[in-house]
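Start from the sequences, fold in the hints, and give me the full structure.
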Amino acid sequence: MIEANYLVIGSGIAGLTFSVKIAEKFPNRSVVIVTKANEDESNTKYAQGGVAVVLDAEKDSFNKHIEDTLIAGDGLCDAEVVKMVIEEGPKRLEELMLWGANFDLDASGEFDLGKEGGHSEYRVVHHKDITGYEIERALLKRAHQLPNISILPHHFAIDLVTNHHITNNTSEELSCYGAYVFDQKTDKIFTIRANSTLLASGGIGCVYGHTTNPVIATGDGIAMAYRAKAKIKDMEFVQFHPTALYEAKGESSFLISEAVRGSGAYLRNKSGHRFMLDYDDRAELASRDIVSQSIDNELKKSGESHVYLDCTHLDMDAFKNHFPNIYNKCLEHHIKIDTDWIPVVPASHYLCGGIEVNKKGETSIASLFSCGECSRTGLHGANRLASNSLLEALVYAHNIFKYHSENDYKAVEVDIPDWNDEGTSIPKEHILVQHNLKQMQALMRDYVGIVRSNKRLKRAIKHLDLIHNEVEELYKESKIATSLCELRNMINVSHLIVEQSLQRTENKGGYYNIDNVKD
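Under the numbering used here, the first residue of the sequence shown carries the number 114, and numbering increases by one thereafter.
It should be emphasised that the hints constitute simulated quantities derived from the structure, not laboratory data.
As the structure is a prediction and not an experimental result, all values here were calculated from the model.
Hints may contain errors.
Label pairs and their in silico Cβ distance ranges [to be verified]: (1) E208 x S284: 30 to 40 Å; (2) N282 x G416: 55 to 65 Å; (3) I627 x V328: 51 to 61 Å; (4) E535 x S284: 21 to 31 Å; (5) E285 x G536: 27 to 37 Å; (6) P140 x R395: 42 to 52 Å; (7) Q258 x A479: 30 to 40 Å; (8) S418 x E180: 15 to 25 Å.
Calculated lysine-lysine pairs in the DSS-like style (CA-CA distance at most 30 Å, straight line) [what the hints assert, rightly or not]: (9) K342 x K592; (10) K254 x K158; (11) K177 x K138; (12) K134 x K472; (13) K228 x K472; (14) K158 x K241; (15) K158 x K551; (16) K413 x K551; (17) K298 x K254.
All residues carry an ideal CB built from backbone N, CA and C; glycine is no exception.
Put into structure tokens, the structure is as follows:
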């Protein structure tokens, strides 16, 4: 058993920002960060665009950014939350820079601000096209300088410890006391007992297979919270990024940033037709949901597997300077973007819903907090505005820190039983995990994708139930393995997406169901 004042599950921008702040404020308190891969592997690392923040009061304003966010969220944003996050933005960005994050400047030494789909002004602070990587680097460097932070890479959180694990627990209030954690190097399972637990475990992209997320994005935090009986909301709002680099094998896909369309690239179908003009006056600069649905429609009409992004008319020197990572990745795939079109396809990118939290980041379970992509704050509504996610993580990590600074927790005085895996054996049937994973991903893509229908959603439930039963049986009789736990988590998340999709009777933002279209 490890004792910690604060247990943080996840090492992206959300988890690290909270950890650094709380460790600086309370040097005598311990922070334990659990992360299932390398410490720098997270969705943060792959965020290309940047942080949307109002810095130019003459050309821009908080009100314009608020308005853009509310329009993207299609009437489902929490207006108070939107106002709070956007007005806090500049202060939180300043802190990142004090910790050593670097952002691009223009020739006059001012921030080189980008503009992305849905934004009315240039307000995206970035570091080339690898902004998230730069933020992750700076935060990890600071975390390593603080002796009261311990980072445990290659440790997988299996389940949260709540009342039902504790014998003789008479408390009426559902509380979290820490988590059971699997050391992937030694195969040992141990308990971390904590006064406060923060879920900052990232997204769910791998549920769909075709995703811009890394392979670790398997919805673990949401599934753990769901099994612990926390409230989960808005899971139907899965944002698909319109332009992921198409690869025939279709695993994690490389993201062709929104900013490439912002700088003037055109979307074309196989015959060269620039089709976005047929769907929306804003053409390529329409919001992500509209661009994704338009591409989906083109592909359904043609039976093709992808469309194209045409950058051949752009200033190549400026492109290479602004998007060096994208330019080189295309070259690796033998695509010369000054003469060739880039094959692209929509891919699962971001979850707007998740674990329901209030403005302080509190979940419906006492002593359990959530932050970043696994949380549902009300900022994004039905569709996230580009580059608002890193901003949300910074603001909510700060709010959770502020709450902990003002509210002292009593030490946890409960006896947590050790993990019991008697009667289980090491699964010889790894093929079962892989088979069920592929089945589930194909099912989610084909039945629960960009455009849905009640018929397909109901069929999805039937198929998911079969996969769920087989996997639960395997889980009960097997010793813990990460791939099996991840699959179990993804099935929980898939069920939530399907069930909450069926509950939604009106199309909003990123959610589109053909049965909700009114004549």
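Evaluated hints:
no., hint, verdict
1, E208 x S284: 30 to 40 Å, "holds, 37 Å"
2, N282 x G416: 55 to 65 Å, "holds, 58 Å"
3, I627 x V328: 51 to 61 Å, "violated, 32 Å"
4, E535 x S284: 21 to 31 Å, "holds, 28 Å"
5, E285 x G536: 27 to 37 Å, "holds, 33 Å"
6, P140 x R395: 42 to 52 Å, "holds, 51 Å"
7, Q258 x A479: 30 to 40 Å, "holds, 32 Å"
8, S418 x E180: 15 to 25 Å, "violated, 37 Å"
9, K342 x K592, "holds, 24 Å"
10, K254 x K158, "holds, 14 Å"
11, K177 x K138, "violated, 34 Å"
12, K134 x K472, "holds, 18 Å"
13, K228 x K472, "holds, 28 Å"
14, K158 x K241, "holds, 13 Å"
15, K158 x K551, "holds, 26 Å"
16, K413 x K551, "holds, 22 Å"
17, K298 x K254, "holds, 24 Å"
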